[in-house]
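A.B. asks: Starting from the known structure of chain C, fit chain R onto it as the hints suggest.
Residue numbers (this note's numbering), protein chains in the order written: chain C, 2 to 412; chain R, 2 to 412.
Hints may contain errors.
As the list makes no split between identical chains, a pair holds if one copy fits it or if it spans any two.
Straight-line alpha carbon distances no greater than 25 Å define the calculated BS3-like cross-link-like pairs of lysine-lysine that follow [unchecked claim]:
1) K76 with K56
2) K412 with K27
3) K326 with K139
4) K234 with K139
5) K90 with K56
6) K315 with K403
7) K412 with K6
8) K6 with K402
If you're looking for bench data, these hints aren't it; they were derived computationally from the structure.
Spelled out, the chains give:
2 protein chains.
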Amino acid sequence: MPTFKGYYETKNLDPFTLEKAYEALKYERETVGYYDLPSSSLSLCSEVKSSLLHKTVYFDTIAVVGIGGSSLGIKAIDRLLRPSTPHAKKIVYFENSDPISIEYESSRITFAKTLFVVISKSGGTVETLSIFKYLIAKFDIDLMNSEQIVVVSDEGSVLSQFADHYRLKRFVIPSTVGGRFSVLSAVGVIPLVLAGFNVEGVLDGAKNFADDFWARKEEHLLQKAAYYVTNAKVSPVNVLFSYSDTFEEFGKWVVQIWGESLGKRNIRGERVGLTPISLIGSVDQHSFLQLIIEGPLNKTVTFMHIEHSRYELKIPELSLPFLEKSDFVNGESFNTLINAQCQATMQSVLQSGVSVDEITWECIDESSVGKMIMYYELLTSAAGTLFEINTYDQPGVEHGKKILESYFLNK
Amino acid sequence: MPTFKGYYETKNLDPFTLEKAYEALKYERETVGYYDLPSSSLSLCSEVKSSLLHKTVYFDTIAVVGIGGSSLGIKAIDRLLRPSTPHAKKIVYFENSDPISIEYESSRITFAKTLFVVISKSGGTVETLSIFKYLIAKFDIDLMNSEQIVVVSDEGSVLSQFADHYRLKRFVIPSTVGGRFSVLSAVGVIPLVLAGFNVEGVLDGAKNFADDFWARKEEHLLQKAAYYVTNAKVSPVNVLFSYSDTFEEFGKWVVQIWGESLGKRNIRGERVGLTPISLIGSVDQHSFLQLIIEGPLNKTVTFMHIEHSRYELKIPELSLPFLEKSDFVNGESFNTLINAQCQATMQSVLQSGVSVDEITWECIDESSVGKMIMYYELLTSAAGTLFEINTYDQPGVEHGKKILESYFLNK
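Bound-form chain C, shown alone:
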C-alpha cells in the first residue's frame, strides 16, 4: 500500500482550515457522485461479466473512442497494471482529431477482432463523434444490433439515444459524476473489465482509502491540500516527479484532475488555481531538475516511487576499462538504482529550499492503483473547497467550443 510523508512545515496551518475542508467534503458527499463509485461500480463489474464478457471472448482488441476524462484514466490504469496482467487484451485509443494518429491506430487493428467502446459523458464531444463516424465509414460498420459497439454516456444524452435507436449495449455514467472524476464509473470499468483487468481490486483499494479518510485516519491529505492552497501564490506550480515510465499516463490523469478542477474563478470572481506538472525520473533529472533546484522558488514537488518491482533486473558485475567510475552500482538492481536516484534527487531538492512530499508505493498492484486514484480525487476536492470554487465544472472551455462551431457554420 502506498504511504505518504510530508517534508514541509504544517504546524502553522490553522486547524480550523482542516475541519472546514473535512466538513465541506462530508457535505459534498451527499451530492457529488464519485465518492460512491468504489461501492456502486462493483455491481457494474458483475453485470459486465455476466451479460457481456462471454460475447467478447473472440475480440482481442478493445478500441476506446474518447478524449480527456473519457480516456486518460483508462490509459493510466492500463499502463500501470499491464506488466502484471500480461494476458489482458490490447487497448488502443482514439482520442485526438490528429489525422496521423487516427490513420496509424486504425491501420493497426483488425476490425473483426475489435470491440469499440465509445465514451462521451455529454454525448456530443466533437472529436469522439468525428472519429466514430470515420471508423463507421472505414470499416463499413452495420450499426443495428452490433455486438462490436458499446456506448458509455450520460442517461438521456444524444449518444445514449443513438445507442438505444440502434439497440447497442450501453452503460450510464451517473449524472453526479464529472468526466475527470469518472474513471471508477462505467467509463473505466467497461473497457478495463472487458480487456481482462482486475477492476474489483482497484475499486477495493479506492474504497479502503476513502473509508480511512472518512475515519480521519488520513489527515495528511487535508494538511497537504491546506498547505497547497495557503501557499498557492508563493508556489503556484505543483510538480509530480514519478520514478517509473509506467506512471506517465497516471501523471497526465493527475494533471487533468488537478488543473481543470482547480483553475477557476472563486466565489468572489478571483482567478485561482494551481499549475500541475508531471515528470518522470530519472529521465527528467536530465531535463527539468536544474530549474527546480536553482530556478525561482515557486514550486512544490511530490516524489513518487515504487519500493518493490516485479522486475529484478540487475546491473551486471561488469567492470569495463576506463568506465570503472560507474562501478559503484554494479550488482545492484535497476530498481535499487532508480529508487536511490529518487532519494538523492529528493534530498538535493529539499536542500534547495523547495517544499517536498513523498509517496511510496510498496508495489504496483490493483489495490494501490485504486488507493492512489482516490487519493488524488479527494486531494483535489479538498483543495477545491478551500479555494471556494466549484471543483466539478469547467466553464472556461465552453467558449472555445462555441467559437469552433461558428467557425464552421460561417464558412
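C.D. replies: This is chain R only, laid out in the frame that chain C set:
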C-alpha cells in the same frame, strides 16, 4: 516553412534590450559551439554515409542508449519525420533506469539485427553506462572490433577511451556544444543518418533560419525573448500548445532546453528562470485549458500547428440519428478540424487576457524541423543572455549525483 506571429504587446520593449541580446549572441557565437553545427555537421553526414552506412545495411534497428540531451532531440526528429520517412529503420531508446522499460525494450529487439549507438557527452552518465552493461551481459556482446556498437562522446572522455580500447567506431561531440544543444551534432546525426533520415535537409533548414536571424530578418525572436524575460515574474510559466501528437517528443525537447538552460542563479546570485510546459491539442483542451483560461494569469501560451497534413483523412458525410449536432464538421478533413480547434482555442485564450503567440508550420518536412530546432535554440540563448546567466551549464543537478554515489558507497 514555419511562420511566426505574436499577439502580445511589444512596443514597450526597450530597443536597447533587443540590441543587447543580439550583440551578446554574436559575441557568444565565437565560443559556443552549437551555432556552427548546421554547417559543420554536413561533413559528418558525408563521413557516416561513406564509411559506415554500407556496414549497417543488414541492421533493421538502431538502439540509442542515452538520456536527456543524448536522446530527447533524436526522439523529436524521429517522431516528426517518421510519417514521411516510412522506410527508416526502427529506433528504440534505452534511456531510463526503470527496469520495466529496459526489460520491455530489450525483449523486442533482435540482437543480430541491431546496431547500438551509445551516447554520453561526459562519458560517465550512470543510467547510460548501467544499461549498456546490462545489454553487453544480456546479449553476450564481444566488444573488441564490434561493428554493432558506435560510441558518441566528448573527445578524451572515459567513454571515448573505452571505445578506442576496444577499437569501436566513435564520433565526437565538439567540446563547446552542450548536451541539450547537441541534437545537430554527432548525437543526432549518427543515429538518424544510420536510420535513413534525411539529416542534410534538417541541417539545411537550421542553417537558413540561423542565417536569417544573423541578418536581422527574424527580429520577432529577440522580441519574444525580451518579452518573456521582462515579464518573467508576472508570467513565470510558458506553455507550448502543439496541435498534433507528433509534436509530443519535440515538446519534451523544448522543455529540456528551456527549463534546464534558464533555471539558474544569475550573475547577482538571484534565482531566475521560466517554467516550460508542453501540451498537445486537442487532447489537452480537455485537460489543461480550463486552468489557462480561468486560472491565475501567470502563463504565456504558444500555439503551434500544421497548415497542411499529408494525411487527407476526412470526416465522413454521415449524419447519425440523434448525433446531428456534430454534423457541422461533416465532409471536412481532420486536419481542418484540428486547425480550427487550434484557432478557436487561441481566440478564447487571447480573450481571457493571456499573452499568446502562434507558430504555423506549412507542413512537417526536414527543413521545417531544422528551422524550429534552431529557433528554440536561439530563443533560449537570447533569453539566457537577458537573464544574465550561463545558459549552457547545469550546476544544480551535480549535487544530486554526488548524493547518489555516496548512497551506494556508504551502504
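A.B. asks: When no copy is specified for K234 and K139, does a C-alpha distance of 25 Å or less occur within a copy, between copies, both, or neither?
C.D. replies: The answer is neither: 50 Å in one copy and 51 Å across copies each exceed 25 Å.
A.B. asks: As a check of your reading, is K326 near K139 (CA-CA no more than 25 Å) within one copy, between copies, both or neither?
C.D. replies: between (57 Å within a copy, 21 Å between copies)
A.B. asks: Go through the copies and call it for K315 and K403: within, between, both or neither, with a Cα cutoff of 25 Å.
C.D. replies: between (55 Å within a copy, 22 Å between copies)
A.B. asks: Could you place K6 and K402 in one of the four classes (within, between, both, neither) given a Cα distance threshold of 25 Å?
C.D. replies: between (41 Å within a copy, 23 Å between copies)
A.B. asks: Evaluate K76 and K56 at a C-alpha cut-off of 25 Å and name the case that applies: within, between, both or neither.
C.D. replies: within (23 Å within a copy, 41 Å between copies)
A.B. asks: Can you give me the call for K90 and K56, within, between, both or neither, at a CA distance of at most 25 Å?
C.D. replies: Result: close within a single copy only, 14 Å intra versus 40 Å inter.
A.B. asks: If the cutoff is 25 Å on CA atoms, where do K412 and K27 land: within, between, both or neither? Let me know, please.
C.D. replies: neither (50 Å within a copy, 47 Å between copies)
A.B. asks: Treating 25 Å as the Cα threshold, decide for K412 and K6: within, between, both or neither.
C.D. replies: For K412 and K6, only the inter-copy Cα distance (23 Å) is at most 25 Å; the intra-copy one is 56 Å.
The earlier numbered hints that this structure contradicts are 2, 4.
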